[in-house]
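Peer 1: Assemble the whole structure, with the sequences as input and the hints as a guide.
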Amino acid sequence: MEELVWLIPTLPLAGFLLLVAFGRRMGEPAAGWLASAMMAGSFAATVVVFAGLFNEPESHRIFTQSLFTWIAVDGFEVSVGLLADPLSITMALFVTGVGALIHLYSIGYMHGDKDFSKFFIYMNLFAFSMLVLVLADNLLLTFVGWEGVGTCSYLLISFWFTDEQNAVAGKKAFVTNRLGDVGFMLGTFVLWTTIGSINYLDIDAAVSAELIAGVTATAIALLFFIAATGKSAQIPLFVWLPDAMAGPTPVSALIHAATMVAAGVFLLVRMSPVLHEAAWANDVIAWVGVITAFVAATIAVAQNDIKKVLAFSTISQLGYMFLAIGTGAYAAAMFHMVTHAFFKALLFLGAGSVIHGMDDRQDMRVMGGLSKFMPLTTITFLVGWLAIAGVPPFSGFWSKDEILASAWAFDSGGAALWVIGLVTALITAFYMSRQVIMVFYGRPHWRDETARTPAPASLSAAAENPGGDGEAELDVDGLARLPADYQPHESPWQMTVPLVFLSLLAVVGGVLNLPFLEELALLENWLEPVTLPHEAGSGAELWALASAATAIALIGIGSATVIYQRRRVSRELVERRLFSKGWYVDIFYSWFTGHPGRRFFDAIRWFDEKVIDGAANGVAGLVRRSGTALRSLQTGYVRNYALGVAFGTVLLLVYFITRIQV
Amino acid sequence: MNGGVDAAYLVLGAVLFAIGAAGLLVRRNLLVMFMCVELMLNAVNVTFVAFASALGDIGGQVAVFFVLVVAASEVVVGLALIVAIMRRKPGATADDISLMKG
Amino acid sequence: MIGVLARLAQDTGDGILVPAEPIQAGVTQIATPEIQWVALLPHLILVVGGILLLTIASLFRHRVPRWAYTIYTVAVAAGAIIAALPLWVRVQDAERGPFSAIAGALGVDGFSIFITVIICAGVILTALLADGYLKREGIDGPELFVLLLLAASGGTIMASANDLIVLFLGLEILSISVYVMAAMHARRFTSLEAGMKYFILGAFSSAFFLYGIALVYGASGSTNMIRINQYLASPTGVVLSENGLLLGGFALLLVGFGFKVAAVPFHAWAPDVYQGAPTPVTAFMASAVKAGGFAAMLRVFVLTFGTFSGDWQPVVFALAVLSLLVGSVLAIVQTNVKRMLAYSSIAHAGFILVGVEVATEQGTAAALFYLAAYTFMVVGSFAVITVVGRKGDGHHELSDYRGLARRQPVLAFVFTILLLAQAGVPFTAGFFAKFYVISAAVDAENYSLAIIAMVSAVIAAFLYLRIMISMYMSTDSEAVTGEPDRVPVPLAAGIALFVACVVTVVIGFVPGPITDLANDAVPFLVQVG
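Chains as they are written, first to last, in the numbering used here: chain A, 1 to 662; chain B, 1001 to 1102; chain C, 2001 to 2529.
Because the hints were derived from the structure by calculation, they are not lab data.
Each hint should be verified, as a subset may be incorrect.
[Claimed, not checked] Straight-line alpha carbon distances no greater than 27 Å define the calculated DSSO-like cross-link-like pairs of lysine-lysine that follow:
1) Lys1089/B / Lys1101/B
2) Lys2391/C / Lys1101/B
3) Lys2391/C / Lys2135/C
4) Lys2391/C / Lys1089/B
Peer 2: Written as structure tokens, this is what we have:
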């Protein structure tokens, strides 16, 4: 049954090609249904492959399928081949599963958009690229997928792009990801020169045979980590992700929460044999991960855009995954990636549903009390909230707990990692509760007179401009124009069904890997052929850690409830002070990370403008000048051309005559 | 080296060829330019025949017939082109057909 | 020379059927060579197909619908391809292998068959393109198709020629047909001008080429490539550097080839002729004519003169470098898209010359792959230009492409793919074409050439980018002048575009089959068998 693995990426590709050819003619909603059907088919194929793989004995759970030789020059041969092993199939399962749900959701969300079919073209292309990335059997093919998802991501971010500001955001995403790609390419190159192959199985074999020296392994690990920081939005390359939220919400859910941003984590897990040999690179990864988690969480506290909160939250959660990788808990990283895909996709889609219901407003300050209007969205969003906050028995609790446990057990500085991780968990619970309260509870703020005054410039939310809505088009003041008697509405079934599915997964996702018994750690056992087994403390210790995590989560929720519920009750004094404190954190961290970051990009821009562009312009000018000069030789007179031929002939003759040696 | 061939024929061929080439470069009349090309081809014919007789090989002489046929076909096409151009621009010289340049 | 003659006299019975006997006074017996019709079939199909079309169309001029010409031409070219397939099988058969026909005048090997198929593919695409073009421009009659088939036969003969005189005949059949084709759109003076310029310069360079043949003949005693090769390779043969005639022949032959493939400094005709000729003809010139020229060049220089590659390689190196740089640089400063692609085809010729210069089997295979890939890319690109040119074939300025992406996204998308392919972007045929050529140069340790090729590829990329940008950028001026209409895409041209685009992309993903074919298509000089 594993032979069907080629079907997994082929179906979205077929969908892409069909939509390119006939998409415009099919129109809405047929194009969306076709794309969704392809994703569902791909999911079914993945399940079949999974079942096949599952039935094999543990040591035989590797299946490679070489499709064709792609590049063959002497000594360098790259084939296009697929590798189905527990890791890639796990990734494929949730990429296709979550992907199919999000495709379905998009049919409802993109309703009425003039580029409806184009959207699904990009979405299917994205799914194809992501599956290539995941299923590739060598680094070069993975890189193809890596670039493919990047390209689709830019295309989809810019889907509604109409103005200059958004183009700048796209540029930012582009530059940061290119920096990461340099790491990828260099890492691949170093591997190639070291062991002469870029095939994953060969890499594993080379590591087992101890062909890679420790220093080399460290270098490779760091290079791939640079690649991962770009794609997975870690410090210092995380700045692009919040800006990427300008795209349609399903895109944010699929690409910027569930799948693409997890590619960096996947890459490092894929390279885990090398990472295992890489001495201090692991400390770097763990510390960068945990600091990112903490910093991003604090920023999330101060955001007012419903999607920006989730964006920073995603960065923070990805930081947890890197923490897990750095501490050697690869299965835990994968576990958190899967549960995060469930609950974060759920939260994003819920946010999308809210945005949809609020007639494309994204600012949480004009929301409130939506639980009355959108019951289904509210319930599913609450599930996602509990999951990400780490309340047992929701899925997020189990995966986050496992990461914290592995941080605790880490040799060097484990306790410090654990403390920061725990504080981050507290902040996570806090900002998510804040979001839930601001959006779903309290008074409907769009009816307030204060909210109806012209919005400050920081409310960039209105920059989003779904097609078909002419009134809100690029109108910063659009927020205020929502009529006071506006009635938010629940979303259509295409949108709520995926919400329900995902909320079920977010609830029960934890059973994938329960810590109580070795037999219950299903995911870890399943992934064991790929990732190295990892020990994380004894039973009693685990219970203690879990209790601490639960307590922290509850404290976070409790404090948010107190502060934000009271804020509504006791009005301005508390509200203003705490509000400004929130801004203080935001300013502090945007100074701490964004400002030097921005200066960094300014420096890059300066370098780009002065040095690169200067050189390029210089060369371009040279080319143009010499072109113009040469042009004057092209006189149009046939006799001059003949003269040119004769001149060339004479030159050739002279050359050959000088070769005569009498 | 050219023991078997009378260098005089080769020089004649080369001189004729050079005259033809130079003529094409300096004349502006399309018809004369054609004739120069014909001169060049026939100069090659002289060379061919000279070599053929020196080598005692019939191949070079056969080649001359092929070249004559080719030259004839070129004339047909060339004259037709001249006629077509003269109908559009009576009295056009080679320098008058220079719409395209740069 | 006497030594040569003496050796030739001994040279009789080793299987060469070309009569090498000195002419005796009195009785001369001319041996009639055996003719292998199967080997000739692809050429014959094209020639007879062309003549038959001319005859039929003259007799029933007003009873034959226009589309019938197109279908007929496509069928004939397809027939030639089909006739070539059994030959391929035979040639690749280890026991039988390549052979030569008609007393060693034509060589049948994988190489000639590969080029034959490329040229026929070019004919098919051009014919499809010409169908709608002739209708739009109101040009009546089958002449273009007749000339197309005849020119193709010239190209295939060039590719198969095993004798310099046969090569010259093929070259002239090809060239004379194309002179007329270039001047086909007689109502446009630029077309006439293109035909005239091409004719004068073509005849001029043909004369040089012929003189080169004469010199090589004089030096080696034969026009047959097998015997020239044997003469050069024989241990008692002359040292080349002492042989001025042969060296002069090299120089003049290179002039002829350089002109045919539009290599700098023999390129000056190309931009003007490409620009002025009817666009489908331009497509044919850029694809099939170039393929024929390079085929002959590879066979003559890499194979026949291969033993003295050290003597001609520096010259081809210079031609390649000049073509790469001058082609790319001049392309950038153009504003006429058709002319841009004309210059870019000069740069492409430079790339193929890189494959010639390395003078290895790998280089030959790379050049063949390049020719195959380039045929589809360039015909596709000129197909778009044909369509966008509108009635009168005159809308070729960059500004005519402005906003094309908005008016006709599919057309713009297809053009984008083809331009990306020409630029050599990965996942297009063009990437692998450049990749193989450059890696052939690297493997031959010719690093400087590889680097120059890459630099020129970067320069040329700007040019393609420029066209793409103008397609995707819409300007305000459009609102003032009013929206230009959508250009109609005739069905046949659409098919040609589709095929070109699909092949370009498919080769870009799966180059393996074409690579294998190109590797199998090694040229041979074989004796009559």
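Peer 1: Taking the hints in turn, state whether each one holds.
Peer 2: Cross-check of the supplied hints:
no., hint, result
1, Lys1089/B / Lys1101/B, "holds (19 Å)"
2, Lys2391/C / Lys1101/B, "holds (23 Å)"
3, Lys2391/C / Lys2135/C, "holds (10 Å)"
4, Lys2391/C / Lys1089/B, "holds (23 Å)"
Figure legend: structure checked against the earlier numbered hints; every hint is met.
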